[in-house]
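> What follows is the residue order along each chain.
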Amino acid sequence: MSARDTILSRLRETLRQPHLPFPPAHSDPLTHAERMTVTHAEGDPWTLAERFAQELTAVKGSCELLETETEARLSIISRLQLWVEEEQAARKTAEAERAGDYDVLSWPLEQLGIESLPLILKEIGFKLIEPTDLHDPQQRERIRPIRAGITTVEAAFASTGSFVVGGRGANARAASLTPFRHLVVIPFSKLYATGEEWLAQMRHAGRLDDYLRQSRNLSIITGPSKSADIEGNLTMGVHGPKVVHAILFDDLQQ
Amino acid sequence: MQVDFNAPYKNRVQQALNDPNLRVAVSKATDRMTDARLASMDAVEGQKLRSQVRQMKQHVLRNWPDYLQQLESNLTRNGCTVHWAEETEDAQNIVRDIALQNSAKLVVKSKSMATEEIHLNHALEEVGLRVVETDLGEYIIQLADEPPSHIVAPVIHKRLEEIAEVFQDKLDMPPTREPTKMTSLARARLRQEFFAAGMGISGCNFAIAETGAICIVTNEGNGRMVSSMPRVYVVVMGIEKLVPTVEDAFLQLQALCRSATGQNLTVYCSMTSGPRQEGDVDGPEQVHVVLLDNGRSRMLARGYGEALLCIRCGACLNACPVYQEIGGHAYGSTYNGPIGAVITPALAPEISRFKELPHATSLCGACREACPVKIDLPRLLLDLRSDLVQENASPKTEAWGIKSYASLMSSRRMYESLGKMASIGSNLYAGMSGGNIKFMPPPLNGWTAYRDFAPFAPKSFRQWWKERSKLRGQT
Amino acid sequence: MHKATFEQRPNRVALFVTCMVDMLYPGVGIATCELLEKNNVEVVFPEEQTCCGQPAFNAGYRNEARKLARRFLSIFGPLVENGEVDAIVAPSGSCATMTSHFFEVLFEESREEELRRQAERLASVTFELTEFLVDVLGLANTGARLQGKAAYHPCCHLYRELGVDDQPRKLLDGVEGLEVVDLPHADDCCGFGGLFSIKNSGISAAMGRAKARSAQQCGADAIALCDVSCMTHINGILSREGISCRAHHIAEILNNHLGNSLRPPSQPEPQQPDHPRRWGD
Ligand code: SF4
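Chains E, X and C are the protein sequences, given in the same order. Offset between the first sequence (1-based) and our numbering: plus 15. Offset between the second sequence (1-based) and our numbering: plus 106. Offset between the third sequence (1-based) and our numbering: plus 34.
Hint data in this document are derived by calculation from the structure and do not stem from the laboratory. Glycine is no exception: its CB is placed at the ideal position from the N, C-alpha and C atoms. One should not assume that every hint holds.
[As the list claims (entries may be wrong)] 27 Å max Cα-Cα, derived DSSO-like pairs, lysine-lysine: (1) K565(X) <-> K72(C); (2) K233(C) <-> K502(X); (3) K134(X) <-> K480(X).
[Said to hold, decoys possible] Part of the chain X face toward chain E, derived, beta carbon under 10 Å: (4) Q158; (5) W170; (6) P171; (7) N180; (8) A270; (9) R337; (10) G531; (11) Y535.
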């Protein structure tokens, strides 16, 4: 008998025993109706956005809320510029500028629907790096030194300040993982009160199962990378980004 | 002083008790985690959350084989390769073969108790692989060549100065006491390993049966790294780590984060459903899932199924006053603290191999109060003690002592004369040492080594009662 | 656990004094008895009683424990079932836990359904002393007076198995002149744990010393508690460590057994306690 069959039949046999102390014979599943929503948030999109900002800030991320697409575009640009300045200032050496300073590891930004964003970024000197195959040693080396990443999200949850990034197609997992700073752009239309609400909507629309299956990887991210392993001292940016900055903008007005 | 985990139980405990640093480090950290847990559980309907997660997990166990098969078929459908391992060696062989087939030389690992349980690092190193732990805490203890001493905080037993020494000794770091500097160095070193590794290994916090997704939870991001960067990704999961649906997973995730570290959510919860497909930028080309029994089915059959509800949050360790005194290494097993004292013997081929552990507890119940799935750990420890007696694994003198006590107590006459004798004897003896008894013969010297004992009362309650009844003319 | 509710105020109870109180701390038993009688509850003491079997159960010797459990049920069962007493009262959270929780475990395991049901019935009318005084008799004050500072230590079985915590605290608050202070880490186990205190004496004592440090930290003259087993352990540690604070069973405090003051009088005045006192050294 294969290991699989041995294990499965052993379990079946044990579970058939009438006096097995545990689990009880009647162990009902948790139904969708009774399952609780753990954290709560409510209100209009702006209220939710404010809550998101508050929660993300509490876990040492940062956040901006903007009224229009135009403002969002401006903010993205100035944030990336600010980061370049910060990086250079931190070097404290004569040759503060380096070749890769303006490289940004990026998802295809067209999906954001912010008009001409990639174009303007390119015009002012940023290089949006969109790798196609990160098992290719050359491309792998190329992204290694990149200090900033920019992505959008699948969804964001106000009650915990979390966002979900998927990893399939041209959306590199690395963009939200390997750089030191992560700029995440969240349109209000992707913002949900809670994770439970997002799941309920997907489930209701009959998309949840397929969606998860087709997402080879989904990560729920809540703030920048951190550890308390060194005698309880909080240190940031252990493996993932040390800086997580979210730009939320109202795309529901138009 | 270090706890030598190969020493006998008694010595390990003594070494731990003799180490003042250990108690400070452990109790500081466990108090902090306990406070964080209580605050975050109080912020939500914590009791309801615990009941619901328990109900959900209990249902899984009742339908265990069905859910396992569902998971298996969904994983396969998603393009993962599923392996089944009955015992430690089987799991070791499976992972070793995957590594050899893919000519991996360097393996990066994300903290995982299941792989500790099967001593996987050692098994891979034996065939010439280099294995690097990437969780900061695990990295430190790997450098120090020690096993983890806590389920979620592996280096909880070391103070800042001791960790600084490890960095100096093993990584030639200039002397520093700054945690941020140590972290930066670790980041830089480990970044090289992530990019160079041919294989990533992680455990699994939970697997979703309905979609076939493997979820791992980290705060540092190493879990995402090991599951995204190398070409081959291997998951070693205990067969009990199952949830039926995505919503159940989200519920358990929140219970886990709140109980483990008091966070609303962990920084990263990464769900892998399958290998990279045509057109994907990154992700592993192969995903292997090793379903590990290693005593779990035995545990169910022995009647310890309740312990299979465990979601490995570590809250019971943090709440345990014994763990606070001796830390994890004194237990001498992969899993320690209250849950370790239960599952180590219950998973083992013979319970009596770990006969000290069920007794390494005062049964105070703080663990049950902390547990997010309300496992009745004290009850399970009592059951294990009973099993040990059944297997004749208890000391002969103890068995004799308890049996004599039980027959004495079965007769009022013997009980009363014992009381009188003890009273006279202990008062005479106490008189010699000046009021309290400071020495007693074995096995009672265990008492007087640390505490005084007052003599028996000259007149028992029942004598008083009798005399009073007589005075009042009652019988 | 299901607890009986009484239509009429119970006026007769059986005292389960526990073997340790009987032989080692008769003062606690006397105090318990007097507290009940003062409040117009007649006390019956079934003299056949010995030990409930907890040490055997705790150590894993279930057959021996069952033997003593059967014996206990045969003594107390008829009293309750014939209506001779309304309830069973014990001055110990730990022994009350044994008879009202673990007896059922024992008979469930041996599949002695009749005994299991009897144990369950008895459990519903078994009360720890302070639980009985507050929940059943509705008492908030026992009329006790005592000068000094005391901290309450919740013994684990009482606190976590029986869920009794407010009751003893309330009664202590009612003691005139007594300043009740918070014991740091109050709900940490003192480290007694029965057989644990011998088998793992090093750990047990380390936990006891942590408790002793807490007592020192809050400046209490006395630690009040509801179990003489934990009291023996804590006092053994305090005495060995040379700390003057002492643990006292709550019944003795509530029944004025400790004199007027917890502090040693500045001038030694002859103080004769009515009843045998222990740990007075
Ligand atoms: S037994 Fe409970 S508290 Fe302990 S690790 Fe498991 S789930 Fe957490």
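> Any hints this thing doesn't respect? Which numbers, in order?
10, 11
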